[in-house]
Each structure stands twice: as structure tokens, then as C-alpha cells.
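Asker: FYI, in UniProt numbering the residues of the sequence shown are 1 to 465.
I should point out that these hints are in silico values taken from the structure, not numbers from a laboratory.
Given the structure is predicted, the values throughout are model-derived calculations rather than measurements.
The beta carbon of each residue, even a glycine, is placed where N, CA and C say it ideally should be.
Do not rely on the hints blindly, as some may be mistaken.
Computed spacing ranges between beta-carbons, pair by pair [stated by the list, open to error]:
1) E142 to N288: 41 to 51 angstroms
2) N89 to R258: 29 to 39 angstroms
3) K136 to D279: 55 to 65 angstroms
4) L221 to H94: 37 to 47 angstroms
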Amino acid sequence: MATDMPDWLLYEHQMCKVHRETTGHQVWHWSEIGLDLLVKAGYVDSLNKALYQAVEARRKGRPFGEYGIDGLSLDPEDVFHSLQAKIRNTSKVHARDLATFVNVVLLRLAQKNPLSRGYLYTNARLEINVFHDLFKRSGNFELRTMAPSTLRPTDAAVPVASAEVVAPCFTLRAYQVKALQALDEWEKDMFLLQQPCGTGKTLTFAEHAKKYKNVICIAPLMMSTRQNFDVVRGILGADYTSLLADSDGGGATRNPDRILEVMRSQKSFISATYKTFTDMVSDMIIDNPDLYKSMLVIVDEAHNATAEMMDVLEMLSTMDIKVLLSTATPPAALSAPEEDDIKFDAVQKIWRKGAEVLVREETDSVQTQESYRVQCLTAVEVMDAKILRAIEIMRKRISEGQTAVPPMDYTVGDWRSRFELLRSLYVKQQDKRKPASTVTEPVSDDASDSDSDSSAESDKKKQRV
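All chains, full assembly: derive it from the sequences and hints.
Answerer: This is the structure:
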């Protein structure tokens, strides 16, 4: 750990180490917590919401930062607890210093499990009212006095990853289980996973990735790369040393020494763009044969792969490295007759070579991972963060009487057709919920005759007058 780490961060890692040793809990520093843990603990409501928050934060140019939590622990009874570290030189710890910590414990974690507690580690005195309210009366908090360690920068401050990974909190759908079974049975070194947009491709291939020691996931755009990093890292858990191979900062790097260092970890996960993969990562793999064993390369949105990248992937697949091509819209080459092979360019031919056996087996009614379809409403249920934002914007606009679609950056191409379909479903649901309009009961013939008689009698009276 770097010697120039700030005191407050050293203190947070010291807290995690001490809490782990004194309680027997599994402990994660904020920097180690995956999205699945935040959902399981009750810190956020759902994995999609966590994804949405992470994507939104990065879209606005800031990291998905912590709120009221410096660490998370899991006790032997499967109860999550929040850890907060407050290091002070002279001042006391006041109520304003603990507001978000208290909110997270009482309004988030304890709502999921009433046994969840908040642990405050500090070297300072507490303001008297805070001490009595939180640690004497509430029963939801524990105070741990801890002097800052004088050991800089090594053992006392180094976070230790738990050897046991908490299982992901999501439930796999039947079609995802079916896909995973097919992936496990597939022996080819390059294979295809096709699932429609919004049906949980990322969750499917992330779950499959657990079977490998070294996992590399690549995507064409940085936004997809970062989203994959958050999801896959959360599912793989703390056993894997994770790295975002990017030059944009925020914990990411394109330093080749650092990338290779991570790849040589006991277990590793790297998320990168197509460009970073072809420029750097693929060469590192080829130049280090010791990395070949138990390696999986996941190509997300593989229909965007270039001829150059497909050449690299084909070469890797000959080195006993598994290559998983994931897409919702595979090239036309995969469904064309064999005699049409001459029509296709180099990249299309590589697609055919990589997936031809898979497609043939699918036509023979053999269970494969080629196509897993679900109804649209199920797709809505497992939609990813990007479509979630579009839906939220749509709901707001419909409630305001508007009909305009969300900004174009959320609905270009396939996103537009998906959004329009989802919006039409939503509007239909809203129509069903509207109260029935008041309908005037039809007047019976007898009543009508009676009214006519009354009217005639009235006219006669007027004439007499």
C-alpha cells in the first residue's frame, strides 16, 4: 500500500482489519464492495437501481461514491452491519458528522434486517447527546474506540479480502439457468451466447465466469465497459482482483505493469474496451503462456467486433483460451446456408467458424446456448440500467402529460424500438388502472313514457291557465 495514503483512508482500512479480527465477521472496505453486496445488505433496493446510480454518477463525471458507510461486515448469522471510521486530531464527533451513517443504518440496513447494527470506530470523544442517543438508548449502534496505528504503510492498513464470497442476491431466470447449463457442457473454444436485449446477458455470462481463474470482459464503448465492471466484479466477489483497464482515472489504468500484475493474481477480472484489448491486453496474454490456463475472454456486444479483433480472438481460441461471444443480434452469416460462405468477408467467416457447430446442433434440437427468448414483460423485469433510466424518464413525462421520448442518447438504434415497445406497454397498464368513467344509466321505455305523459299533462295545465 502506498506510503502517501491519507490518514483517514489508513484509518478506514485499519478499522476493517480490526473488526475482522475481533468479531469474526467478513469485512469489506467501501472500495471492495460489489453492487450485489449493497443490494443484499439493503443499502440499495435492487441491482438495477445500483447499476442506474453507478451509470448516472459516471455519466455526470463523478465516481459512484460512498454515502454513510466506510465498510460493510457480514456476521455468521448472515446479518449485514455498517462500519464508519472517524479520525480526529482535536475536535469531538458531533451529530452532524454521523447523519448519513445513522440514515444508512436505520433507514436502509435495518429496514432489510432489524438486527443490522452500525459500528463506529473513532479515536475522538463524542458530543454527550450523540453518545447517549446512539450508544446508550437506541440499541442499533456500537462504539469502538481505536487509536490510529503507527504502522505505516503495511500490515495494519492493508485490507484483506474475505476468502468466502457472498452469493449474488439476484435469482436466475429459467432461461438463464438453461443457458448456463449449455455453456458448461460446451467444449468448443469459441462459442456464442445470444439473448435478446434487456434479458440479463451480463448476469448470465458473469455467473458463468465464476468457473475461470482469469476473466477478461471487453465491450465497444467505455460506458458499457464500466457498467460490466461494476456488475461482473460484484458477482465474482472479493476473491477476484479486479481492474478497469482505462485511461480515464477514477481507479482505472492503462499501465501495462499494473494490468499484468492483476492478471497474475490468484484470480483476476479485467474489464476493457475493444481498443484497449487489441492495443495492449491481447499482447500480454500471448506473451505470457502461463496465463492461458483457465482463462475466459467475454466479448460483449460482439456483433460490433472488427475483423482485426476477431482475428485476435480466433488466435486466442487456438491456445486453449475460452472465448465467449455475447450478443443480442448476431451477424447474418450465422443463419445463412453453408453454400453462401463465399459471400462473406473475413470477419463474417470467423463468426461462422466459431459458431457453426453450435448452430447445427441447435437445428438438431440439441440444447445449446444459441437462443433464449423471453416474453417482453419478463424482459422489462430484468432490464438493465440504461433502459431503466429511459423508463423513469418516460414515466415522469407521461405523468406530466408529455409524449416526447427520452433524450436520443438513450434511445438510438435498437434502444428506440425497445423503448417504444416498453412505453406502449406502460401506457396500456396505466389505461387499465384508470377508474371507469361514469356512465349514465339508460332510461327505460316505461320511464320515458312516464316522462312524456308528465310533460303532456304539464302542457295541458299551461294551456288552461
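Asker: Now, for every hint given, state plainly whether the structure supports it.
Answerer: Verification of the supplied hints:
Look at E142 against N288: about 47 angstroms separates their beta carbons, and that is inside 41 to 51 angstroms. In this structure, N89 and R258 meet the distance hint of 29 to 39 angstroms, their C-beta atoms being roughly 34 angstroms apart. Range check, K136 to D279: about 59 angstroms between beta-carbon atoms, so the 55 to 65 angstroms window is met. Range check, L221 to H94: Cβ separation about 45 angstroms, and the 37 to 47 angstroms hint holds.
Every hint, counting from the list given before, is met by this structure.
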